[in-house]
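Chemist: Listed below, chain by chain, are the residues.
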Amino acid sequence: MQIRDYILRRLMVLPVLIIGVSIIVFALTRVGGSPIGVYLQTGMTQEEVTELEERFHLDDPLPVQYVYWAGGVLTGELGWSGVAAAPVTDVFLPKLAATMELAISSALVAVVLGVALGTFAGARRNRLPDHLTRVFSISGAAMPLFWFAILLLIVFWVYLGWFPIGRSDPNIYARIDHPTNLYTIDSLLAGDFGAFGDALWHLVLPAATLGYGATAIIARMMRSSLVEELQEDYVDAARAKGLPERLVLRRHARRNALIPTVTVIGLSFGFLLQGSVVAEIIFRWPGLGRWMADSVLRGDQATIMAYVLFTSVLFLVVNLAVDVIYAYLDRRVVLGE
Amino acid sequence: MSLIDGIGPEAAPRARPAVASVKDLRVHFRSKVGVVHAVDGVSFDIGDGETLGLVGETGCGKSVTARSFLDLVPMPPGIKAGGAIEFRPHHTCPSCDGAGCETCDDSGRQAEPCDSCNGGGCEGCGHTGQRTIDLLEISEKDLQTIRGNRIAMIFQDPGKALNPALPIGEQVAEVFFQHRADDLLADAGASDGTEALGGALIQRKAGLKTSRIEDFLLSLPPLRGQRTKLMAAVQTRVAEALAETQIPNPRKVMDRYPHELSGGMRQRVMIAQAIACDPDLLIADEPTTALDVTVQARILELIRDLQQRHRTSVLYISHDLSLVKEVCDRVAVMYAGRIVESAATSSIFTDPHHPYTQGLLAAIPSANHERGRLVAIPGNVPELIDPPAACRFAGRCPYEAPACTAHDPLATTITANHEVACFIHHAPAGDEERPTWDRKVR
Amino acid sequence: MTAPANTVVRTGRDGDDLLVAVRDLKKHFPIREGALQKVVGHIKAVDGVSFDIRRGETVGLVGESGCGKTTLGRVVSGLTEPTDGGVYFGLGGEERRKLDTLLEVQSPDRTDEQSEALSALDANHRVDVMVGDAFDHYRRNCQVVFQESFASLNPRQLIKDIVGRPLRVHREASGSDLTERVVELLEQVGLGRQHLFRYPHQFSGGQRQRISIARALALDPELVILDEPTSALDVSVQAQILNLLHELQQERNLAYLFITHDLSVVRHMADRIVVMYVGKVAEAGPTQTIFERPEHPYTDALLASSPDMKESAQDLQALEGAIPDPALPPQGCRFHTRCPVATPACGWEVDDIVRWLEDEEGMFDELRDVERKSPFEAALSFRSEDAANRLAAALRSDAVPDAMRSAIEDLNTTGTDTRIRFTAVDEVQLTLRSEDHVAACVLNRGTSTEPS
Amino acid sequence: MVDVPAGPAPARITDSAWRVRTRRGGELLMSLLKNPTTVAGLVFIVLLLGMAIFAPLIAEPNTPDAYQMPRDWGALAVPPGSPGHILGTTNVGGDVLYGVVWGARTSLRLSVIVVSLTVLIGVTVGSIAGFRGGKVDEILMRIVDVFLSIPELIFALAIAAVLGPSFRNIILALAVVFWVKYARIMRAQIIHVKENEYVDAARVIGDSPLRIYLKDILPNSITPVVVQATLDMGNIVLVGATLSFIGLSEAGIAEWGVLVSEGQSGISAGRWWSSTFPGMMVFLWALGFNLFGDGLRDVLDPKTESTR
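Chains as they are written, first to last, in this note's numbering: chain W, 1 to 337; chain A, 1 to 442; chain C, 1 to 452; chain G, 1 to 308.
Hints are not guaranteed to be accurate.
[What the hints assert, rightly or not] The following residues of chain C were derived to be distant from chain A, with all beta-carbon distances above 10 Å:
1. 42
2. 94
3. 102
4. 157
5. 242
6. 374
7. 385
[Claimed, not checked] Straight-line Cα separation of at most 27 Å, DSSO-like style, residue types lysine-lysine; simulated pairs:
8. G:135 <-> C:38
9. G:135 <-> G:194
10. C:26 <-> G:135
11. G:34 <-> A:32
12. G:194 <-> A:160
Simulated from the structure, these hints should not be mistaken for lab results. We put the beta carbon where it would ideally sit given N, CA and C, even for glycine.
All chains should be modelled from the sequences, with the hints used to inform the complete structure.
Modeler: Here it is in structure tokens:
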């Protein structure tokens with residue numbers, strides 16, 4: 001099979017999955033009872049209620065309701081957010097930018113650090129660095145994000161006061177324009193390095209919280225796949241060619257060990273998305289995650305569903321991209337299918 | 001051609017120095033239940049231009065022996081328990097330029113002189129006057145200049161020995177980058193670093209020493225020309241090497257990934273890579289086991305042909321006696337970490353002395369055997385955990401005598417070039433009078 | 001000269017000793033490709049194979065990897081459903097004659113009566129359709145010993161359970177009776193009571209193969225399919241197993257279908273041999289005949305390239321080229337692409353030119369399109385006139401085999417296009433060469449007799 | 001002609017299947033205990049389980065519902081070491097020690113219920129998909145893929161939010177989310193194990209598909225499920241506590257996430273204890289099962305060290 005066909009096939013599955021997710025989301029909106037509740041006011045007559053139901057097609061059978069609902073979603077009609085007191089679509093973008101800034105910076109750190117750490121440990125199997133990495137990654141997997149964040153908060157904010165919480169200093173925020181809503185980018189666009197430093201400064205604690213878990217996952221995968229690759233014949237063959245160990249590792253073992261790691265990197269993006277809910281609550285980061293948490297507490301269904309739908313689609317697209325990278329890295333996948 | 005025609009035991013003169021001598025090699029492995037003596041006192045010579053077959057069944061230590069040449073036995077769990085592998089690099093005879101003359105015994109090759117005595121003979125070279133390297137002692141860095149350059153190796157499964165994620169061309173090219181960087185630079189016309197930065201960079205590139213940033217610099221216009229030239233030079237060399245192993249359309253094969261080639265083609269690529277630097281010694285570890293018979297025959301032909309043209313010495317590892325008969329001048333039979341018998345190929349097959357060799361030969365089904373009457377060696381190979389000082393074949397041997405379990409037989413020369421490690425062939429009758437030479441067991 | 005499509009390897013004596021009849025057996029595996037995973041072709045693993053296995057005899061099935069011998073073994077053992085044709089078990093002499101007469105008529109031409117008779121035979125004897133008692137009888141009487149002794153024993157079961165399982169499944173024994181029966185079986189294969197309560201990983205390869213054999217013998221079958229039973233073993237252990245297999249065959253009058261790539265083993269073990277190449281039978285006959293008077297050049301090549309087949313110090317003869325892709329088997333004789341004695345009548349085709357182009361430096365990249373009218377006729381268009389002319393010149397020179405050159409009926413180049421037509425050739429069929437000896441080759445070495 | 005036994009531990013004639021199997025179990029346990037980190041994990045698990053089981057003895061309940069935090073209105077937010085409140089109290093007078101101890105019991109209840117439910121559903125679905133193949137497999141796996149495309153915490157959060165905040169709903173939400181993982185592992189395992197020749201051998205014998213599944217396929221494919229279940233005993237408490245922390249449990253129950261959340265507001269005032277101790281319990285719980293599961297994987301199936 002050609003790589004093109006492989007990608008095409010993945011692209012064809014994508015809408016099926018998105019429809020599947022949307023069905024689940026739709027089902028969730030109906031599990032908690034009719035969504036009519038949002039529009040009800042005290043003292044409405046039975047006729048008025050029925051009229052409302054008709055207006056929002058709530059008297060139709062569920063499949064028909066789903067079609068109306070999905071049509072609404074496709075035209076950007078995501079409903080009214082009670083928490084933000086505005087249509088969901090209006091509030092979405094600036095909050096998305098905040099979450100993305102956090103997630104992407106954590107992802108960058110996690111990928112670089114995770115791959116490096118995993119390579120370092122895997123090449124020194126069963127020696128001290130390997131054992132330390134093992135401890136690091138297992139505790140990473142077992143670490144409750146909310147607790148780790150609170151510990152960082154207690155130490156670095158309450159006691160040491162080294163790092164701030166929130167997303168930026170209000171004065172500095174006011175001093176520059178925000179065309180992208182990614183503060184680091186905005187500050188660079190404005191050429192204001194003070195603002196850039198401030199944006200980075202605010203990123204440190206939440207990004208460290210999120211990055212720790214993701215780094216642990218990636219390092220662990222990288223380590224074990226490297227250990228596996230180092231036992232393959234081609235590694236010995238590379239040594240037998242006279243390549244120094246550095247090149248055996250760099251050109252041969254690591255390249256192949258990265259292949260399974262790439263999948264894990266894709267999956268760890270999901271970890272970052274869901275972790276952002278907790279990190280944003282604790283560090284008062286004005287992103288999607290915190291909005292989601294507030295909405296959950298206040299039963300703001302429209303926001304919750306929009307958020308679930310959006311993160312799932314984002315997660316799917318990221319993993320599709322990862323699959324494509326994977327296919328390029330490992331031609332055998334494509335042929336083996 | 002046939003290597004064995006008319007070559008009797010006496011007809012293989014070994015006056016010229018051996019290209020490699022294994023001396024009392026011991027490689028052990030630590031395991032849960034104890035120390036496994038996988039290779040336990042193996043000694044043999046490989047003459048220059050000779051093909052030596054190392055035969056034995058699963059677990060006899062033949063592959064470990066072969067891998068020890070290039071320090072490819074994983075340590076731990078492996079332990080270098082002793083012995084030496086002496087390697088004597090050769091070069092083309094200067095007086096006849098490879099044509100064959102008096103000084104080089106018509107072989108066209110000559111051993112390099114010893115560094116310290118320049119051919120005079122001293123302690124370091126064992127009074128042979130030849131440069132002698134103990135492969136077990138030298139540093140990793142020195143070993144890297146020998147691996148793939150003076151000693152090359154072919155592996156059993158070419159499907160696994162090639163990196164699945166790199167195109168064939170890049171993998172073969174590595175050998176040239178690693179060992180022939182200067183030649184490549186000369187080919188590319190960049191040998192005398194014309195520009196300071198560019199010259200240095202391209203030299204680093206030729207030695208595979210560039211970092212990502214340097215690679216990026218090289219891809220920029222001012223340096224790109226030189227880089228392209230270098231790449232063209234290496235591609236020409238790779239294509240030549242592949243063509244040498246009769247790969248059709250080598251330029252096309254270079255862009256392929258290993259999984260896109262057939263098993264036979266992959267093994268040709270491995271061979272091309274191994275002989276690229278014209279090594280003195282080629283170690284072939286069961287090179288045809290994973291291949292079909294008709295393909296196997298092609299590969300054997302190829303190895304034989306290359307061996308003759310390049311006058312490379314070959315250490316051929318196999319479990320298959322009939323294969324070894326085809327390609328080898330001399331055969332050493334291994335059993336349970338020891339060499340039990342070694343002789344010229346024809347004498348092993350016509351006049352085997354060790355009961356194990358006899359058993360192995362008789363176990364091959366042939367037209368002469370009545371069905372159901374194959375000679376099977378009873379029992380299993382012994383576990384090699386702290387073995388006692390006794391013959392390792394005791395317990396399975398039809399000729400076993402009390403001495404066999406009490407003493408450890410040493411290899412003894414019975415005729416010229418024929419050595420056997422067994423009591424029954426050199427002992428007079430009567431158990432009491434059996435020789436009692438013991439091998440030192442460590 | 002050409003025999004009907006279902007020429008069968010058969011002896012002169014049509015006795016009642018027939019056990020298995022394989023008739024025009026085909027197994028094709030679909031190849032799926034593209035974004036929609038459409039079936040774009042089939043791997044023709046087994047492509048029309050017929051032969052018999054008689055009681056108490058050993059039939060050797062030899063060939064290289066990818067020739068279909070393992071798939072064939074799996075179909076005969078009922079593990080894989082055939083695509084077409086059938087494996088018939090337990091036919092009497094009369095029934096078998098009836099079957100062969102019925103099968104000589106192609107299915108569209110069959111009368112209702114014939115179809116009915118055939119389905120009646122199928123229901124009782126064809127392995128992939130039979131049910132009930134017939135199937136039970138077949139299952140008891142056809143067992144398999146696999147190549148990988150480790151993979152064929154469930155690592156989580158004790159030897160007692162592994163060997164006793166067939167007895168338990170067919171309700172032949174239970175409790176202490178079962179244990180005694182298992183001990184008996186183990187003793188027959190050279191193991192004993194002390195091995196009852198062990199796991200497979202505690203045995204050596206040879207011992208595990210003995211366990212597999214014991215399991216296969218538990219139901220006292222008539223046929224055992226041996227799929228490369230010794231190729232994972234060392235030669236000295238192989239000798240033990242081969243001796244054991246022979247001993248058991250003598251005691252129990254077993255029939256073996258011995259699948260292997262090792263000619264020395266098959267010569268030692270088999271009474272008759274079937275040589276397969278790319279899904280088809282190249283040659284079949286009594287062992288001695290095959291080894292002493294082979295009729296097919298592929299058999300020659302196999303013999304010449306096996307070091308342990310040679311008696312003297314003569315050179316190994318190797319074959320050029322690779323084994324063809326079983327999805328696109330060559331026309332005519334499937335061996336013509338590698339055959340050293342190929343003739344113009346062996347099925348030269350357009351694909352042979354494409355293969356040639358692939359191996360020629362710089363030529364394949366010049367090829368733009370191949371427009372096929374038939375496997376034997378096509379127009380090849382190139383990117384440059386030069387390439388088209390180079391091909392035409394090569395096809396007229398000795399850059400290609402003589403036989404290929406002679407098979408060209410028409411060749412002309414106009415601009416960047418080269419049109420070519422080869423002599424169209426039918427698939428080469430098996431023909432009878434001597435008693436019980438058939439080969440599929442257009443050449444005849446003089447011992448042939450016309451098929452009866 | 002007879003081979004010399006190759007394996008260790010020469011078997012005696014008096015062996016019975018039962019004795020051999022017990023010995024094998026013993027060997028397995030011994031190799032588990034050789035790894036110090038696995039032992040550490042086991043120690044954490046034993047201590048925490050002990051705490052969960054003996055909770056009524058360690059911290060005596062004085063409310064009708066023992067899973068509700070007792071409130072000491074006379075000692076709000078007292079620091080650790082105060083009399084009667086060794087680990088201090090929360091802003092609303094909940095005894096941190098009581099929460100820590102009874103939280104273990106809550107967590108045990110949560111993880112046991114969710115793991116047994118999800119393993120049961122997942123293994124069934126995965127087995128059907130892997131064993132049957134074809135259209136059934138295609139449809140089931142698409143459903144699994146859909147479930148896997150929603151990040152698990154977010155999915156559970158949404159379900160729990162729709163159902164309304166309560167601990168029971170957290171259990172339900174986690175069960176809905178976590179089964180897919182097992183279905184996927186089980187299917188992959190079965191497809192892999194099905195290829196083994198011992199399955200063919202059983203078919204040649206004439207054994208029924210159900211018995212082949214029960215004897216040959218299930219025992220040889222269940223190990224990764226066991227390992228995953230061990231890891232999930234920890235992970236589920238982790239995710240459950242996160243949901244509680246966000247606020248999806250009833251307020252005031254003895255649950256670690258709830259306690260951390262209660263303590264959160266006091267952090268800026270320097271009251272670190274009521275978040276730190278319960279949070280640490282979640283960490284230790286998850287760490288214990290992760291360490292143990294990791295060791296279990298190395299012992300049961302050394303080759304699949306890297307599958308997760």
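Chemist: Determine which of the earlier numbered hints do not hold for this structure and return their numbers in increasing order.
Modeler: 5
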